[in-house]
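S.K.: Below, each chain spelled out in residue letters.
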Amino acid sequence: MASSADKAGDGAHGAEEGETRRDFLMLATGAFGAFGAAAAAWPLIDQMNPAADTLASSSTEVNLEPIKPGQRVLIKWRGKPVFIVRRTKAQIDEARAVKLADLVDPETDEARAKKAEWLIIVGVCTHLGCIPAGTKEGELKGEFGGWFCPCHGSHYDTSGRIRKGPAPKNLPVPAYEFLSDKLVKIG
Amino acid sequence: MSDSKFKNPIVAWIDYRLPVFSFMEHELHEYPTPKNLNYWWNFGSLAGIILVIMIVTGIVLAMHYTAHTAFAFDSVERIMRDVNYGWLIRYVHMNGASAFFIVVFIHIFRGMYFGSYKSPREILWILGVVIMLIMMATAFLGYVLPWGQMSFWGATVITNLFSAIPIVGDSIVTLLWGGFSVDNPTLNRFFSLHYLLPFVLVGIVVLHIVALHQHGSNNPIGIDTKSPQDTIPFHPYYTVKDLFGLGVFLVLFFGFVFFAPNYLGHPDNYIEANPLVTPPHIVPEWYFLPFYAILRSFTADALIYLPISWLMSAKLAGVLAMFASIMVLFILPWLDHSPVRSARFRPLYKQFFWLLVIDCIILGICGAKPAEAPWTYIAQAATAYYFLHFIVILPLLGFFEKTKPLPTSISEPVLKGGGGASSAASAKPMEKA
Numbered sequence: 051m052a053s054s055a056d057k058a059g060d061g062a063h064g065a066e067e068g069e070t071r072r073d074f075l076m077l078a079t080g081a082f083g084a085f086g087a088a089a090a091a092w093p094l095i096d097q098m099n100p101a102a103d104t105l106a107s108s109s110t111e112v113n114l115e116p117i118k119p120g121q122r123v124l125i126k127w128r129g130k131p132v133f134i135v136r137r138t139k140a141q142i143d144e145a146r147a148v149k150l151a152d153l154v155d156p157e158t159d160e161a162r163a164k165k166a167e168w169l170i171i172v173g174v175c176t177h178l179g180c181i182p183a184g185t186k187e188g189e190l191k192g193e194f195g196g197w198f199c200p201c202h203g204s205h206y207d208t209s210g211r212i213r214k215g216p217a218p219k220n221l222p223v224p225a226y227e228f229l230s231d232k233l234v235k236i237g
Numbered sequence: 134m135s136d137s138k139f140k141n142p143i144v145a146w147i148d149y150r151l152p153v154f155s156f157m158e159h160e161l162h163e164y165p166t167p168k169n170l171n172y173w174w175n176f177g178s179l180a181g182i183i184l185v186i187m188i189v190t191g192i193v194l195a196m197h198y199t200a201h202t203a204f205a206f207d208s209v210e211r212i213m214r215d216v217n218y219g220w221l222i223r224y225v226h227m228n229g230a231s232a233f234f235i236v237v238f239i240h241i242f243r244g245m246y247f248g249s250y251k252s253p254r255e256i257l258w259i260l261g262v263v264i265m266l267i268m269m270a271t272a273f274l275g276y277v278l279p280w281g282q283m284s285f286w287g288a289t290v291i292t293n294l295f296s297a298i299p300i301v302g303d304s305i306v307t308l309l310w311g312g313f314s315v316d317n318p319t320l321n322r323f324f325s326l327h328y329l330l331p332f333v334l335v336g337i338v339v340l341h342i343v344a345l346h347q348h349g350s351n352n353p354i355g356i357d358t359k360s361p362q363d364t365i366p367f368h369p370y371y372t373v374k375d376l377f378g379l380g381v382f383l384v385l386f387f388g389f390v391f392f393a394p395n396y397l398g399h400p401d402n403y404i405e406a407n408p409l410v411t412p413p414h415i416v417p418e419w420y421f422l423p424f425y426a427i428l429r430s431f432t433a434d435a436l437i438y439l440p441i442s443w444l445m446s447a448k449l450a451g452v453l454a455m456f457a458s459i460m461v462l463f464i465l466p467w468l469d470h471s472p473v474r475s476a477r478f479r480p481l482y483k484q485f486f487w488l489l490v491i492d493c494i495i496l497g498i499c500g501a502k503p504a505e506a507p508w509t510y511i512a513q514a515a516t517a518y519y520f521l522h523f524i525v526i527l528p529l530l531g532f533f534e535k536t537k538p539l540p541t542s543i544s545e546p547v548l549k550g551g552g553g554a555s556s557a558a559s560a561k562p563m564e565k566a
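Those protein sequence lines, which keep their order, are chains A and B.
If you want the working numbering, it's the position in the first sequence, counting the first as 1, plus 50.
If you want the working numbering, it's the position in the second sequence, counting the first as 1, plus 133.
Derived from the structure by calculation, the hints contain no laboratory data.
Here the structure is a predicted model, which is why all the values come from computation and not from measurement.
Note that CB positions come from ideal geometry on N, CA and C, so glycine has one too.
Be aware that one or more of the hints could be misleading.
Unchecked claim - One-sided excerpt, in silico: chain A residues whose CB lies under 10 angstroms from chain B:
(1) S108
(2) V123
(3) T138
What the hints assert, rightly or not - Restraint ranges, calculated between C-beta atoms of paired labels, are given here:
(4) N171(B) - L105(A): 21 to 31 angstroms
(5) I256(B) - A106(A): 35 to 45 angstroms
(6) I95(A) - A203(B): 28 to 38 angstroms
(7) I95(A) - Q484(B): 50 to 60 angstroms
(8) F238(B) - T79(A): 27 to 37 angstroms
(9) N321(B) - E69(A): 52 to 62 angstroms
What the hints assert, rightly or not - Stretches of chain B that chain A covers, calculated by requiring three or more beta carbons in the stretch to come under 8 angstroms of a beta carbon on chain A:
(10) 165–172
(11) 204–217
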């Protein structure tokens, strides 16, 4: 009975085939409903993004005073390990002597350390997320005197650049700024 | 296979192996529905939609909530202040509980007015009462989770109801608490059960719908559908009508969510739970008020307690009466044995029905007031009338009420009414169908 009513309506407008007012209403209703559903879904999805307090605690200040030359320390920033290295002259020279052509992910040491003495990098292997060894004393430092990832054997140099192994990228440098000579803010 | 009713080959392929599309077609599209359903029939689907909203917002809230007495209150405040749209999601969940009860109470009174619980829909009705019971348990458990003052003292009072049970009462209360007072073990198990019960509800709602579709919806006239002329397909006719009702509901609901989100709550629940300080005025959420009033009506000097005073303490009597006020609904289909379903043809029942509605509202008002005269006396009278309605008035009406003559079919009053050419014209396509 609904179909017979449809036909009568269509016939009156002379539109046997092609668009009818009903098609327009159906489309408009559908579009309106889809928009409403998307608007309702967004808060339910966005709630999974970092909350305001999580974002607020996303920077960390580190006092550099107790770190001795040659020492490497590990701090936690945004739940991830960050390596802070007070490099010796020899380590800096070694890192700066490398030719860009020899690098998997070419990047100069000057671009990676704002102050040559301080190297600040995120300690997450760019292969599959393990923490490369080499920060603590006695740990393997790999063939290039930097870090060695025990999971799949990636070697990083004294600038945290990938030199050998499956990792595709250098250890990333987080955003940081020196608030004073002895205080750095990461994030 | 080749003569499948589905034109889309993928749909036809799947349906040949797993008949989900046939099922949906049968239960939603073809499903013959009485053509005279009015807007009171919107509230069933509305309740189903709210259940879905509650489950979705609840799952999301559980991603941020911490069920520990030391963190629960702060985690809820964090949801309100820091989590993206957390305030919106929590206010929807919080007001959703109230909306759920409003809709379900209307749904239940609709069933009472139009006699929807009568044969052959008794099990449909009983499943509905079970749904309401589980809803009440779920709402209570959920109200405890924010670990505010009302959460804590509400949980203390409600669990203490079980201490009224003779001999084993205190042991049962200790079992419920998992300790010697409402504390962290209690909060943990309440969270676990609050997450579980809505899915139990979904299961019973499915049974409720299976029972409904067995004999189809009742209707405002309360007589069975007799021919295809009396019915229309559920889709698109009632899907569209339900959607319109949903739109109206959502406007009202989000009016509360956005402009008065705490109107139905208690400010005391924004004070963290303190086991050493009871708030001066403890009140349950509004949807429990009528039951709360019945509970409080049984005092040592109450007239309604006198007949059973030799049998049990007033405390136990109050607890039993509160549970009995819901249990009596289970046997409603047999208490009201009048063969006529709809109140439209029962002039006396119609008046008693509205008296019962007013009685329930009075009980609700009394539940919100402090337990002092005159409210205690009003509550006691209203409690007495509540049980009088079900236990005495309904069975007597079945014997003595003179009902009006029923129409022979749903179509009859439509075809006779209105008159003239227009009704005849509108009747024509029906006869073809």
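S.K.: I'd like to know which numbered hints this structure contradicts. Please list them from smallest to largest.
M.R.: Structure breaks hints 1, 2, 3, 4, 5 and 10.
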